[in-house]
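*Asks:* Got two chains here, each in a separate frame; can you build the complex from them with the hints?
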Amino acid sequence: MADKAKIRARAADLRAGFEAAGATVAETSVLQPAEVLLDLYGEDIRGRAYVTSDALLGEQMLRPDFTVPVVQMHMAEGAEPARYTYSGEVFRRQEDDSSRANEYTQVGYEVFDRQNPAAADAEVFTLVRDAVAHLNLRAATGDIGLLAAAVAGLETTERRKAALARHLWRPRRFRALLDRFAKPTPSDSHRAKLAASSDPFAEAGPMIGLRGADEIEARIAAIKEDTTAEPISAVQVDLIDELLNVRETLPYALDRLRDIAVDMPAISGAVTRLEHRIRALSERGVDVEALEFEASYGRTSMEYYDGFVFGFYSDQRGDLPAVASGGRYDALTRVLGQGNEIPAVGGVIRPEVVLQLEGAV
Amino acid sequence: MTIKLGVPSKGRLMEKTFDWFGARGISLARTGSDREYAGKVDGIEGVELVLLSAGEIPRELSAGRIHLGVTGTDLVREKLGMWEQQVKELAPLGFGGADLILAVPACWVDVETLDDLDAVAAAFRKTHGFRLRIATKYHRLVREFLRDAGVADYQLVDSQGATEGTIKNLTAEAVADITSTGETLRANHLKILSDGLMLKSQATLFKSRKAPVDDGEKAILTRLIEQLGIES
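Chain order of the listed sequences is A and B. Reminder that position 179 of the first sequence reads as 179 in the working numbering, one-by-one numbering, no gaps. Just remember that the working numbering sits 1000 ahead of the position in the second sequence, which is counted from 1.
None of these hints come from the bench; they were simulated from the model. From a predicted model like this one, the values you see are computed outputs, not experimental measurements. Hints should not be assumed to be uniformly reliable.
No more than 25 angstroms apart at the CA atoms, straight line, and that leaves these computed lysine to aspartate or glutamate pairs for DMTMM-like [as the list claims (entries may be wrong)]:
no., chain 1, residue 1, chain 2, residue 2
1, B, Lys1004, B, Glu1036
2, B, Lys1168, A, Glu203
3, B, Lys1207, B, Glu1015
4, A, Lys193, B, Asp1195
Across the chosen pairs, the derived CB separations fall in these ranges [said to hold, decoys possible]:
no., chain 1, residue 1, chain 2, residue 2, range
5, A, Gly205, B, Leu1197, 14 to 24 angstroms
6, B, Ser1053, A, Ala12, 48 to 58 angstroms
7, A, Ser53, B, Gly1094, 32 to 42 angstroms
8, B, Glu1231, A, Gly58, 43 to 53 angstroms
9, A, Ala12, B, Asp1195, 45 to 55 angstroms
Ideal placement from N, C-alpha and C gives every residue a C-beta, glycine not left out.
Next comes chain B alone, as it looks inside the complex (with noise of 0.2 angstroms):
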């Protein structure tokens, strides 16, 4: 009878979590050598601490194998159709800050605006014989805000990483990521549209919707939501 927990298992994000809990009288640590990733709970009884990779979360939050999790909400979104049915934000935490943005190169002065993305994408397929490459890792909330706005003529390429070089490196003409302060952005002589803005995002608890939970554990679950005094 546990609720399982789940965190970040590196890096700041996890730090940061674990500040965020600790402030709220809960200790959350690793425990082990450095290599190991097993953690303790401090503070509550009955809540097990599973670290995972921030991207696994959303998962297994969706398939109920862990009833609560730290992630970014552009994870949750862009890794689970019709995410409000599997999971439910408690609580914004306050960290881990990042836009989703559509960006193009500094020196298309000619484009400012989605609207004026659309209009080159038609002629780039003309000229160049195939649809414009947008690089991301965003595939579902990309395909979706560009399908809002009515952008076509335009393909997606993936990219796991260092995505704002692929200008620069001829695999794509535009790119969608997360920035937080935009000075990759710069660097790499990229610019935001003014209306490329997809979606705010910051680290979040969620709870699962599928994680089944008996009468124990719903008591801890109170308990704990109580003590993190966030609304339920």
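Just chain A, with the same shape it has in the complex (with noise of 0.2 angstroms):
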């Protein structure tokens, strides 16, 4: 296919281009080990990744992205700081939509660096922005850290916040227990009767499985616990909803959350994080005045970006997905790093997008 070739070159272009910044090259395997990509990702990768098996190594999966084996790399060998760029095919199963590529090439760029985040968040956004400026893109921003800190200064048991922190990532989910616990256990439910009941284990029938009843009784005490437990206040409630709808241009985005911080203070380090952001950014020639926020953005993505996220669409092609996105995973180096951890940050571009907005393919 002649397309390939021109995907390649481009694709190379590209890579040159971070290579001219300061990365290192690093080349990744195309068959990853599975588990891996499972434990990270949960059941739901299957869905979206190709596995195949092998009677030695056992799962292998295609790999879905760059960033899980650049971690590994990294965190089993890397000096610091360290920059890294590669290109090449990543394969994604598109099972409810045929017209949607499951195999193409990704162009990234990730930082390792512990001095300074605020400036590495605008190293990546602007190399990868220079990359497609061209191409008249749409900028949007957002900013993961700042749900997940409300979520911990939430005045509520550390369970519940446990469990909300854990489906930051699944709007629905998360909605359906914030609203659960916004609300006094009803005293007919499931939980309820199970907490007052002085013998749970009446009708249980006989013990069966890998789960002990101490594990049962341990839940059951925590059930106890949470049905006590004093109802989320609906002010606070409204404060996450509030924070969820800030969408903004970034000045009047700062402004909006730190109106919300001090009702909230608990997302205030992740306000002055935004803040240093922008200056970073506008120090790196962004019209912060211009960049969209929203706080809500990278919600939905994989799970693993847990600070600042961007992408670039183009408003003209809105059937093209995004041309480049990116994002902090600073959690994820912690979970591949056995013990080491180091804040980190990349973006990958597309270049076969590229070359459709082109008008090359």
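*Replies:* Here's what the structure looks like:
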């Protein structure tokens, strides 16, 4: 296919640009051990990635992205700070939409740097922006860290906060939990009945399976604690909603968030980080006055971004996927680092989409 | 110039299918010895009977190698991505009814809903170091159902038979399987989650959207559908 050659050449150009910015070229295998990715993303990834198997190595996955293997490589042997670039194919199953590509190229840039996260965010954003600047794209930005901080600051039990934090990336589940926690437990609910029961195991039948009676008892104790917990106040729920509804250009968004932080001081740190990021972006020549910020942006993407998130879209070609996207994933380095961690941020460009917009394919 | 009709090759599903067509004036029958998978059709010209495993009928419909086929809605939805674009439901046949459900041990007195299951999955992973296992052969349907419900920290383990036994054998913590009466579940000390019904399935006559038809075949199809008294 002639297109493949064009895509490869365009990808090489883009990668050369990232190399010129100081990145080392990283190479990763197409086949990745499935276990790591499954533990990270959960079973959902099977619907999005190709899984194959091998009698000796077990389940293998065709790499659905570069970030995970690049993080693993860095955590195992990388010197700090580090900047990597890569280009190659990723594979995504498209079970529900045959018009979307199941194999496409990504050119990426990843920064592992402890010194100045705001500057690293701005560095990745501007490098990606500059590479696609001629395409007249709309930039979207967000920050998952704000919602995470808001949840951590709720006046409720640690268990409820943990349950909400676990579902930051599943907006519907998050909403259902928040609604439930905002009301007293109805006395006729199965949880209330269980909590009130003097002999919860009366009709349990024989104990079977790996989950033991001690685990069931521990959960009953947790349910008892939960049914007596004070509901999360309407004020706090409203503040979360207000936070999620922030959708302005950056300076206005910052104002709104500062207002919210007055009543919800837990997000102050995250708001300060946003402020530093705005300054860093501005120093790199980004017109922050015109840059859109959406607090709920990036919540339904893969669940490793936990801070700054961004994407570039073509308004003229709404049928095309994001031309570029990226974000901060500090927690991912903690999960894959086996005791080590390092702040990290990165972004990818899709050369196929760039070429389509350039009218070359 | 024939219309190929795929029908399950054995058991109750085959007999009930034969009865259903018979009641509408089209007699289907197996021919030759008990072991030979050949059949004949009386009561209409130009229709050929193809005996197949019920599990293979979705694939044959989607490949366009048969024009019509009788199989369970569960199998079509599990095996065909974007199934509506590949096959069309012509008529539910009123038998072979079964529910795809999610069940956990009855001794899990703390679990009644998907919400509970999700909370237990998080705790289970912390305690045991691996994700809670759900045994099933309906991987796609279960995954989609749990994704929509926002359940996390589980894994699907493949089980092609005796799925209800996997919990006692310690190879799974929960099961997702087809049940018609719930008898096997109860006998294995399992209970269905109150919001754990994923799909109500029954034997259904499907038409392939992929099988090529010429004018003659189109006429046969129209005649057949008319004789069966169903909407096309």
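*Asks:* Out of the numbered hints, which ones does the structure contradict?
*Replies:* none
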